[in-house]
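With the hints as constraints, model all of the structure from the sequences given.
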Amino acid sequence: DAGVIQSPRHEVTEMGQEVTLRCKPISGHNSLFWYRQTMMRGLELLIYFNNNVPIDDSGMPEDRFSAKMPNASFSTLKIQPSEPRDSAVYFCASSLTRTGTNEKLFFGSGTQLSVL
Amino acid sequence: GQQVMQIPQYQHVQEGEDFTTYCNSSTTLSNIQWYKQRPGGHPVFLIQLVKSGEVKKQKRLTFQFGEAKKNSSLHITATQTTDVGTYFCAPSGSARQLTFGSGTQLTVLP
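The listed protein sequences correspond, in order, to chains X and W.
Here the first sequence stands for residues 160 to 275, where the numbers follow this note's numbering.
Here the second sequence stands for residues 3 to 112, where the numbers follow this note's numbering.
Simulated from the structure, these hints should not be mistaken for laboratory data.
Every residue, glycine too, gets a C-beta built ideally from N, C-alpha and C.
Treat the hints with care, since some could be wrong.
[As the list claims (entries may be wrong)] Derived lysine to aspartate or glutamate pairs resembling EDC-like cross-links, with alpha carbons at most 20 Å apart:
id, chain 1, residue 1, chain 2, residue 2
1, W, LYS58, X, GLU262
2, X, LYS183, X, ASP222
3, W, LYS38, X, GLU203
4, W, LYS59, X, GLU262
5, W, LYS38, X, GLU262
[To be verified] Label pairs and their calculated CB-CB ranges:
id, chain 1, residue 1, chain 2, residue 2, range
6, W, GLY43, X, GLU173, 26 to 34 Å
7, X, ALA231, W, SER32, 25 to 33 Å
8, X, GLU173, W, LEU111, 36 to 44 Å
9, W, GLY18, X, SER225, 29 to 37 Å
10, W, PRO112, X, THR197, 27 to 35 Å
11, W, SER32, X, VAL212, 18 to 26 Å
12, W, THR83, X, LEU275, 34 to 42 Å
Structure follows, in structure tokens:
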């Protein structure tokens, strides 16, 4: 199994540009999570999908952020327009969630985003 | 998500010394997971605790869930340089989402 695959690994962009981060979850997993990690705020949950449906997006910072999951094998996190304070490592994670239980998360290697 | 406080934030130990990190909640938790993140890496699942008073061991690592299910701890016996990293607790609530504690960054001095 290839694990959770994220791309790109590193992204450097200028303020105001659109940024799209991509994630391929582990095959068969039905839950997908986007996290953001910074020194100041730690590991923050941005949004959570279950069976491709967004369940909770209360962690999404503002309207500049959007996430989609068009099918079970692909998700995107888009920032438009990007700002320097968006600089962080963005992790995607997937799990197999069964009724009444929380299964372990498998994380991708993350995308290091730098907005200049 | 459920909020937890994780202490200490940083811990430096000499190789061979023991290490403990604590995760405390003001509310009762359904269950709790622990993850380890190596420097420059991503979080990796270690264990999940579900039952009140549960104790689980993985080699030199001992995980405990409090009787009231409001706190948890991770204890490492005789630390090694390979134990370096940040240890996170992640309580999971009824919403089936995982929010992470602030983590304890462990440095092991050779």
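Comparing the hints with the structure gives:
no.: 1; hint: W:LYS58 <-> X:GLU262; in the structure: holds (17 Å)
no.: 2; hint: X:LYS183 <-> X:ASP222; in the structure: violated (24 Å)
no.: 3; hint: W:LYS38 <-> X:GLU203; in the structure: holds (16 Å)
no.: 4; hint: W:LYS59 <-> X:GLU262; in the structure: holds (19 Å)
no.: 5; hint: W:LYS38 <-> X:GLU262; in the structure: holds (16 Å)
no.: 6; hint: W:GLY43 <-> X:GLU173: 26 to 34 Å; in the structure: holds (28 Å)
no.: 7; hint: X:ALA231 <-> W:SER32: 25 to 33 Å; in the structure: holds (26 Å)
no.: 8; hint: X:GLU173 <-> W:LEU111: 36 to 44 Å; in the structure: holds (41 Å)
no.: 9; hint: W:GLY18 <-> X:SER225: 29 to 37 Å; in the structure: violated (49 Å)
no.: 10; hint: W:PRO112 <-> X:THR197: 27 to 35 Å; in the structure: holds (29 Å)
no.: 11; hint: W:SER32 <-> X:VAL212: 18 to 26 Å; in the structure: holds (22 Å)
no.: 12; hint: W:THR83 <-> X:LEU275: 34 to 42 Å; in the structure: holds (36 Å)
Checked against the numbered hints above, the structure violates hints 2, 9; every other hint is satisfied.
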